[in-house]
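Chemist: With these hints in hand, go ahead and build the complete structure from the sequences.
Spelled out from the first residue to the last, the chains are:
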Amino acid sequence: MHLTEKEEAAEILRISGVKADNCMQCGKCSAACPAGAKMDILPHRFVWELMNGRVNNLAASNTLWQCLSCFTCSARCPRGVDPAKLIEAVRLSVIRKQGENRLNVDELPAEIDEMMPQQALVSALRKYNK
Amino acid sequence: MVYNYYPGCTLSTKAKQLDLYAKKAAEALGFELAELKEWQCCGAVYPLVQDEIGTRLSSVRSLAAAAAIDGKLVTLCSACHHVLKRVNSDMAENKEINAKVNAYLELDKPYQGETQVLHYLEVLRDEIGFEELAKKVVKPLTGRKIGAYYGCLLLRPAGVMQFDDPENPSILEDFIKALGAEPVVYDYRNECCGGYIALKDKSSAQNMVSKILTSAANKGVEALITACPLCSYNLQVNAAAAQPLPIFYFTELLAEALGVKEEV
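Protein chains in written order, with our numbering: chain A, 35 to 164; chain B, 27 to 290.
Simulated from the structure, these hints should not be mistaken for laboratory data.
Backbone N, C-alpha and C define an ideal beta-carbon position, used for all residues, glycine too.
Take these hints with a grain of salt, some might be off.
Computed list of lysine to aspartate or glutamate pairs in EDC-like fashion (alpha-carbon distance at most 20 Å, straight line) [what the hints assert, rightly or not]:
1. B/228 x A/41
2. A/53 x B/58
3. A/62 x B/78
4. B/226 x A/148
5. B/161 x B/78
From the derived model, a few chain A residues whose C-beta atoms are all more than 10 Å from chain B [stated by the list, open to error]:
6. 36
7. 39
8. 61
9. 74
10. 82
11. 112
12. 113
13. 116
14. 133
15. 154
Modeler: Structure representation (structure tokens):
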């Protein structure tokens, strides 16, 4: 028994704890986003698509993996919407499914240099894998 | 004064200087950092959704341990500070998270978010005072143009972090002034360094770092200070060969100005 796309959107909004319907699509979040240049769906559009139940589109977007949770969007939103939390909720809805981890742990050692702090590895594994 | 201290995973290994200089400087300033027994890794990133309970537990264990001693917990790493402070706020404000965490942990006394999480910089500003700090400086860093790099985690979200103005912070500039150096304000001081994306998309991190370093260099910054091991890493390793700036942990300059750097 699977959730429909609309039901999944409702569940994502629930776990995010964000009042997304306060969004007025002003785009301040997208203007402020330091990772926006590489996103296929910008933060304000992400909020709109989620409100309209288009989870499949969002789950396939690279926005999930480019967002770094710097919270600039959340800080600049004039309506108290928190796009970073919405992106996180969709990201989790993806990686909580089996086989959807984004970092291959076997390939990780090759990426690690002498100076890399543990903090980088712990953060990345929390964000990209479950 | 003895403060409970949460070092986190990186400060005993790749970011030893952040930790060692902080402890030496504390000695010179008349306080001590006592490492919390059996602390566990905070997870480095705050669990942003409401139904992540397991990833909040390790923070609550440390917060509750500090509550049982004297109710204060000092951090140094920006990421640890961010995670502990936000989970603490969840325990105080979010009934559902509080109930689930306490049901799982079965602590001697349920934890309600009563610990005060203090960043080392807040100890300097709010408990000691930058004026007092300035009086204890024996080797002022006169003439040095230092840029503060705040990054993301200390400042945002301002409502929970209550650290400083998220758009126009001043705590690090005031700190630099107290050491006798000249703080230089530049545009990108609270922009993201790229964080952990260095592991997935190095060019993104290089791009972000380049904007920060260019912005700092254009204002005449000679060195940057930070409180975050991952920012420090990105600002050094993902800098272009043409634009490197010396990057220091703020505690290194503090120890230098207090005349105890050589003892480390």
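Chemist: Against each hint, give a clear statement of whether it holds in the structure.
Modeler: Consistency of the hints with the structure:
1. B/228 x A/41: Roughly 36 Å separates the two Cα atoms, so the pair is violated.
2. A/53 x B/58: Status violated; Cα separation ~43 Å.
3. A/62 x B/78: violated (28 Å)
4. B/226 x A/148: holds (17 Å)
5. B/161 x B/78: violated (46 Å)
6. 36: holds (19 Å)
7. 39: holds (19 Å)
8. 61: holds (18 Å)
9. 74: Given that every Cβ of chain B is farther than 10 Å from that of residue 74 of chain A, nearest at about 14 Å, it holds.
10. 82: holds (20 Å)
11. 112: holds (13 Å)
12. 113: holds (14 Å)
13. 116: Non-interface label fails for residue 116 of chain A: nearest chain B Cβ at 8 Å, not farther than 10 Å.
14. 133: Correct as stated: the minimum Cβ-Cβ distance to chain B is 18 Å, above 10 Å.
15. 154: violated (5 Å)
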